[in-house]
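Chains as they are written, first to last, in our numbering: chain A, 22 to 446; chain R, 22 to 446.
Don't take each hint at face value.
Since the list gives no way to pick one copy over another, a pair counts as held whenever it fits inside one copy or between any two copies.
[Said to hold, decoys possible] Below, in silico cross-link-like pairs of lysine-lysine (DSSO-like), each with a Cα-Cα straight-line distance of 30 Å or less:
#1 363 <-> 146
#2 91 <-> 267
#3 205 <-> 363
#4 267 <-> 365
#5 205 <-> 365
#6 261 <-> 297
#7 107 <-> 91
#8 205 <-> 267
#9 297 <-> 91
#10 107 <-> 267
#11 363 <-> 91
#12 205 <-> 91
#13 297 <-> 267
#14 45 <-> 205
#15 146 <-> 365
#16 365 <-> 261
#17 365 <-> 107
#18 45 <-> 261
#19 45 <-> 146
#20 365 <-> 91
Honestly, the hints are just simulated from the structure, not real lab data.
Number of protein chains: 2
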Amino acid sequence: MENAHHVVIVGGGFGGLYAAQSLKNGPFQVTLIDRRNFHLFQPLLYQVATGWLSPANIASTLRSVLRHQKNARVLLAEAVDFNIAKREVILDNGIVAYDTLLVAAGSGYHYFGNDHWRGLAPGLKTIEDATDMRRRIFSAFEAAERSTDNDRTRAQLTFMIVGGGPTGVELAGALAEISRDILKADFRNIDPADARILLLEATDRILGPYPAELSQKAESFLRDLGVTVQTNTLVTAIEKGAVTLKYGDALERIPCETVLWAAGVRASPLGEVLAKRSGAQLDRGSRIIVEPDLSLPNYPEIFVIGDLANFSHQNGAPLPGVAPVAMQQGRYIAERIIHRSKGKTTPPFRYNDRGNLAIIGRARAVADLGRIRLAGYWAWLVWLFIHLLYLVEFENRVLVLIQWGWYYFRRNRAARLITENKPDA
Amino acid sequence: MENAHHVVIVGGGFGGLYAAQSLKNGPFQVTLIDRRNFHLFQPLLYQVATGWLSPANIASTLRSVLRHQKNARVLLAEAVDFNIAKREVILDNGIVAYDTLLVAAGSGYHYFGNDHWRGLAPGLKTIEDATDMRRRIFSAFEAAERSTDNDRTRAQLTFMIVGGGPTGVELAGALAEISRDILKADFRNIDPADARILLLEATDRILGPYPAELSQKAESFLRDLGVTVQTNTLVTAIEKGAVTLKYGDALERIPCETVLWAAGVRASPLGEVLAKRSGAQLDRGSRIIVEPDLSLPNYPEIFVIGDLANFSHQNGAPLPGVAPVAMQQGRYIAERIIHRSKGKTTPPFRYNDRGNLAIIGRARAVADLGRIRLAGYWAWLVWLFIHLLYLVEFENRVLVLIQWGWYYFRRNRAARLITENKPDA
């Protein structure tokens, strides 16, 4: 296999991993490059952030996922540049030559030009982000329990979640349950149910891409849980201990010690590097504008997928940065590479949109499945089924199911550890 | 209860937690102070360090353990000093007055005057220690996979464990299984089974406190797993990339990139503070020499237990720093406080030694249960039963059992994440 066609994949997220696995039976040598040694099931990160699951429950090492795929190898390294004339990826610790390159480096949070907010309002993209958020949430209740100053206590028990997309909605719902239910008997000086949880959304409704009726349902579920949903609200300043909000022309500065960021997303900086080298165009979110087959203009041997790609050939608007898009694009690339090796052509990529799902609290969700729209318990069952189905390794599925069951019936969350005390704490 | 006799407990380990729980039904107000928000089942930390269990599997938040104990409260704070004339504990964030004080602050690793070894050879006392060890172990295999320099690869695949007590033996056994079994199919450039694992012990046998026949059994189990057991071996230098060993008069410098410390232990620095304030004597390990009832000389209202106490009244030698000693001492103190409140006397503390257990690999252990000595499978079953019995919360027990079963039958370890990349990595 040493002289086989070499497919190099940068990024072991949904797109990269699915592409690697789909090349299993072809006459290829596959190299999967990632900075981290594991694939992360990002849609469940908020459950790590809120002390429900452990990091290992939603992560599988790339090596163990690919251990029996003889034509694949994993390289723990950071891709930093490309020499596309020589067909090479430049790593922090070496160089890898490719015949076909797939870049699936994903995205990170974006603070709309306010990068100093990053340390004050963490996003939720990595395991470390999630354990950092967990530390902030549970430390806030601890600080309030110790506090003797009423104003300070109020700020410590005020939580703001910026961004009313699925991650923001899921975080707000989980936080409400923590304060209203999970921590009920834990404290002696404070009542955790006094916590004020604000979900801030800049547009006129949460879950923007969903049908309006489901946005309304989600909002009413959140209100039932005690979350204050504030639409048409902009965050204009985040400082230590306070957030300034803007509604219309009015400004309000609210003391608040915990701010969680679930708003803007920006493609990996690797996209800019690749665009510079290849002449490809970037959109405003730094995503690379790709051809109908997800390749780069003039470079049919280079593909870009997932959060890093702007694919607008299907309905004019770019496809959203969600796991199903990345998975389907990964599988498509594998098929395209296999067809190409056989001299066959492949039709352009088409996303098969099976719908959107967001969970709110313990047993409620909203599901937009095209013609079928569900809200409440049944939507939650659909959510449960789909997430278990996709958890990469079987072991994770069993463990996650048990922990969910436990939490569901016993209303306790086991993973509420405050770890990794960072200097900014 | 505001005017009830106030028992303040410093430290939420086995000693402190068992004391707090045993005071449940008395007319006391109990305050448990800990720097961390969880009780940690330290005997299983090595399983977190070797990627078997997740941190949350062996930790329970102190608040959830004590949530239904109405006379107990938890204070997340660090005790830094004592005003024993005014009967106050000085915290990093306040002051707490006590009627009775119990100090159970535990111990940390001790590098025999070589504190610069700490960053090169981490010990295993905290969750962060364990995830740091895990990162070092799995990163070493990753680095070897990437390496193109044979000498360097050999150093990257050399693991030294300093100290042949139970922790060292358990780490060596787990590491051997990782390299011989768990990682078998994971790499393409290296064979993880080439890893060299050295267990270094300064005296003439490992597991010193055990009967000699069990030490020999343990050593032969380790050899079967491929561990090199080196007794009568001193570590004289640890530097980045190499360790210098001394056998008799001979010195040998061995290239090695991963050193794990399981040797000296020293009592918490809080012991020195308390000794200074109270005039109590310290032993060479900084433990406080306590009275037959575990109180301080001249201060019958102050008790010291667990790893921080030197109790030599039973058989001349101080009791070992193990969980059963701390648990029994915690319960004894509760009984003593209850008796005292009723004007009754309590006989001196006596440790009921039920034996020692150490596990070696997947299904072997040695057990010294007094008259009964077991080695192999049956000892392992005893180990399993006892550890499950003592895992604090029921949920943890179930999850741990499932993960153990999974590993046992499928030979996979789910929690092999490399997280928290620290600057020294």
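Each hint, compared with the structure:
Taking identical chains as interchangeable, the C-alpha atoms of residue 363 and residue 146 are never at most 30 Å apart, the minima being 38 Å within one chain and 57 Å between chains. In this assembly of identical chains, the alpha carbons of residue 91 and residue 267 never lie at most 30 Å apart, being 56 Å within a copy and 44 Å across copies at closest. For the identical chains of this complex, residue 205 and residue 363 are neighbours neither inside a copy (63 Å) nor across copies (34 Å), given an alpha-carbon limit of 30 Å. Within a single copy, residue 267 and residue 365 get their C-alpha atoms no closer than 56 Å, and across copies no closer than 67 Å, so neither meets the 30 Å cut-off.
With identical chains, the CA atoms of residue 205 and residue 365 are never at most 30 Å apart, being 62 Å at best within one copy and 38 Å at best between copies. In the homo-oligomer, the alpha carbons of residue 261 and residue 297 never lie at most 30 Å apart, since the shortest distance is 37 Å inside one protomer and 39 Å across protomers. Taking the shortest Cα distances, residue 107 and residue 91 sit within 30 Å of each other inside one copy (27 Å), while across copies they are farther apart (71 Å). In this homomeric assembly, residue 205 and residue 267 never come within 30 Å of each other (Cα to Cα): the closest approach is 33 Å inside a single copy and 57 Å across copies.
Taking CA atoms no more than 30 Å apart as the test, residue 297 paired with residue 91 passes in neither setting, with 35 Å inside one copy and 64 Å between copies. Taking the shortest alpha-carbon separations for residue 107 and residue 267, neither the intra-copy value of 51 Å nor the inter-copy value of 52 Å comes in at or below 30 Å. In this assembly of identical chains, the alpha carbons of residue 363 and residue 91 lie at most 30 Å apart only when taken from the same copy (21 Å versus 73 Å across copies). Taking the shortest Cα distances, residue 205 and residue 91 sit within 30 Å of each other only across copies (13 Å), while inside one copy they are farther apart (52 Å).
Taking the shortest Cα distances, residue 297 and residue 267 never come within 30 Å of each other, neither inside one copy (38 Å) nor across copies (57 Å). In this assembly of identical chains, the alpha carbons of residue 45 and residue 205 lie at most 30 Å apart only when taken from different copies (20 Å versus 50 Å within one copy). Taking the closest pair of Cα atoms, residue 146 and residue 365 never come within 30 Å of each other, the shortest separation being 38 Å inside a single copy and 60 Å across copies. Taking the shortest alpha-carbon separations for residue 365 and residue 261, neither the intra-copy value of 59 Å nor the inter-copy value of 54 Å comes in at or below 30 Å.
For the identical chains of this complex, residue 365 and residue 107 are intra-copy neighbours only, at 26 Å inside a copy versus 87 Å across copies, given an alpha-carbon limit of 30 Å. Proximity of residue 45 and residue 261 under a CA criterion of 30 Å is satisfied in neither setting, with 50 Å inside one chain copy and 40 Å between copies. Taking the shortest alpha-carbon separations for residue 45 and residue 146, only the intra-copy value of 28 Å comes in at or below 30 Å, while the best inter-copy value is 43 Å. For the identical chains of this complex, residue 365 and residue 91 are intra-copy neighbours only, at 25 Å inside a copy versus 73 Å across copies, given an alpha-carbon limit of 30 Å.
The structure shown violates the earlier hints numbered 1, 2, 3, 4, 5, 6, 8, 9, 10, 13, 15, 16 and 18.
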